[in-house]
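Chemist: What follows is each chain in one-letter form.
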Amino acid sequence: QVQLVQSGAEVKKPGASMKVSCKASGYTFTGYYMHWVRQAPGQGPEWMGWINPNSGDTKYAQNFQGRVAMTRVTSISTAYMELSRLRADDTAVYYCARGDWRFDYWGQGTLVTVSS
Amino acid sequence: DIQMTQSPSSLSASVGDRVTITCRASQSISTYLNWYQQTPGKAPNLLIYAASTLQSGVPSRFSGSGSGTDFTLTISSLQPEDVATYYCQQSYTTPQTFGHGTKVEIK
Numbered sequence: 012q013v014q015l016v017q018s019g020a021e022v023k024k025p026g027a028s029m030k031v032s033c034k035a036s037g038y039t040f041t042g043y044y045m046h047w048v049r050q051a052p053g054q055g056p057e058w059m060g061w062i063n064p065n066s067g068d069t070k071y072a073q074n075f076q077g078r079v080a081m082t083r084v085t086s087i088s089t090a091y092m093e094l095s096r097l098r099a100d101d102t103a104v105y106y107c108a109r110g111d112w113r114f115d116y117w118g119q120g121t122l123v124t125v126s127s
Numbered sequence: 002d003i004q005m006t007q008s009p010s011s012l013s014a015s016v017g018d019r020v021t022i023t024c025r026a027s028q029s030i031s032t033y034l035n036w037y038q039q040t041p042g043k044a045p046n047l048l049i050y051a052a053s054t055l056q057s058g059v060p061s062r063f064s065g066s067g068s069g070t071d072f073t074l075t076i077s078s079l080q081p082e083d084v085a086t087y088y089c090q091q092s093y094t095t096p097q098t099f100g101h102g103t104k105v106e107i108k
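As you go down the protein sequences, you meet chains A and B in turn. With the working numbering, letter number 48 in the first sequence gets 59, and the count goes up by one each step, no holes. With the working numbering, letter number 37 in the second sequence gets 38, and the count goes up by one each step, no holes.
Possibly wrong hints are sitting among the right ones.
BS3-like, lysine-lysine: derived pairs with alpha carbons at most 30 Å apart [said to hold, decoys possible]:
| hint | chain 1 | residue 1 | chain 2 | residue 2 |
| --- | --- | --- | --- | --- |
| 1 | B | Lys-108 | B | Lys-43 |
| 2 | B | Lys-108 | A | Lys-70 |
| 3 | A | Lys-30 | B | Lys-43 |
| 4 | A | Lys-23 | B | Lys-43 |
| 5 | A | Lys-34 | A | Lys-24 |
| 6 | A | Lys-24 | B | Lys-43 |
| 7 | B | Lys-43 | B | Lys-104 |
| 8 | A | Lys-70 | A | Lys-24 |
| 9 | A | Lys-70 | A | Lys-34 |
| 10 | A | Lys-30 | A | Lys-70 |
| 11 | A | Lys-23 | A | Lys-34 |
| 12 | A | Lys-23 | A | Lys-70 |
| 13 | A | Lys-34 | B | Lys-43 |
Anything over 10 Å on all C-beta distances counts as not near chain A; from chain B, calculated [stated by the list, open to error]:
| hint | residue |
| --- | --- |
| 14 | Leu-12 |
| 15 | Ala-51 |
| 16 | Ser-92 |
| 17 | Pro-96 |
Between beta-carbon pairs, the in silico distance windows are [what the hints assert, rightly or not]:
| hint | chain 1 | residue 1 | chain 2 | residue 2 | range |
| --- | --- | --- | --- | --- | --- |
| 18 | A | Ile-87 | B | Lys-108 | 46 to 52 Å |
| 19 | A | Ile-87 | B | Ser-61 | 37 to 43 Å |
| 20 | B | Asp-18 | A | Leu-122 | 32 to 38 Å |
| 21 | A | Thr-85 | B | Ser-78 | 42 to 48 Å |
| 22 | B | Thr-94 | A | Gly-26 | 28 to 34 Å |
| 23 | A | Gly-77 | B | Lys-108 | 46 to 52 Å |
| 24 | B | Thr-21 | A | Gly-26 | 45 to 51 Å |
| 25 | B | Ser-61 | A | Asp-100 | 22 to 28 Å |
| 26 | B | Asp-18 | A | Tyr-38 | 20 to 26 Å |
| 27 | B | Ala-51 | A | Gly-53 | 45 to 51 Å |
Hints are computed from structural coordinates only; laboratory data are not their basis. The C-beta atom is built at its ideal place from N, Cα and C for all residues, glycine as well.
Please work from the sequences and hints to get the whole structure.
Modeler: Now the structure itself:
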């Protein structure tokens, strides 16, 4: 069965960087785009961008341009999302989600807390 | 960016009631509209895609309709396990944007 398993919760200081991993199993990793979506406490989801695991091509939301980098290692079916220059308002649960124009499988989420 | 406006923001209904949630896009998105259900502490779960297609494994009491700018999610007979927050999402263009959610509770 399809599974997306993310790395564990992190606590970061303002100005630091975070990197979340998402290990895929149960399907051909290179066959589906991987998106990253975050959800701040009590808020709706916010799309951050996608990576094409086959080509490595990426597209980022304007809100994160210059601060986000999405990468992948196909040999281990794992996608990564790195966000730099963290601020308090980056505190959120970060999800990876498989799909093109619909997100049919999601990771369990990674809580990242940014606090001094 | 395309803005997605959901209404109501919350509702309370009895078991067995018919529940309708609406989602309006700030511009036409054809049928590039998806609905998700989220329970506390869990990831969103895809219910409906392309405005009206039921995702595999989702109970048939859920249905979706609409095109252009106006969409609805209907639960034909509310069940206790449907207590959740529901989000619409447009996938017509990037950034893909979500509504602010509708919280559904049992009266």
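Chemist: List, from low to high, the hint numbers that the structure doesn't satisfy.
Modeler: As far as the earlier hints go, 2, 15, 16, 17, 25, 26, 27 are violated by this structure, in ascending order.
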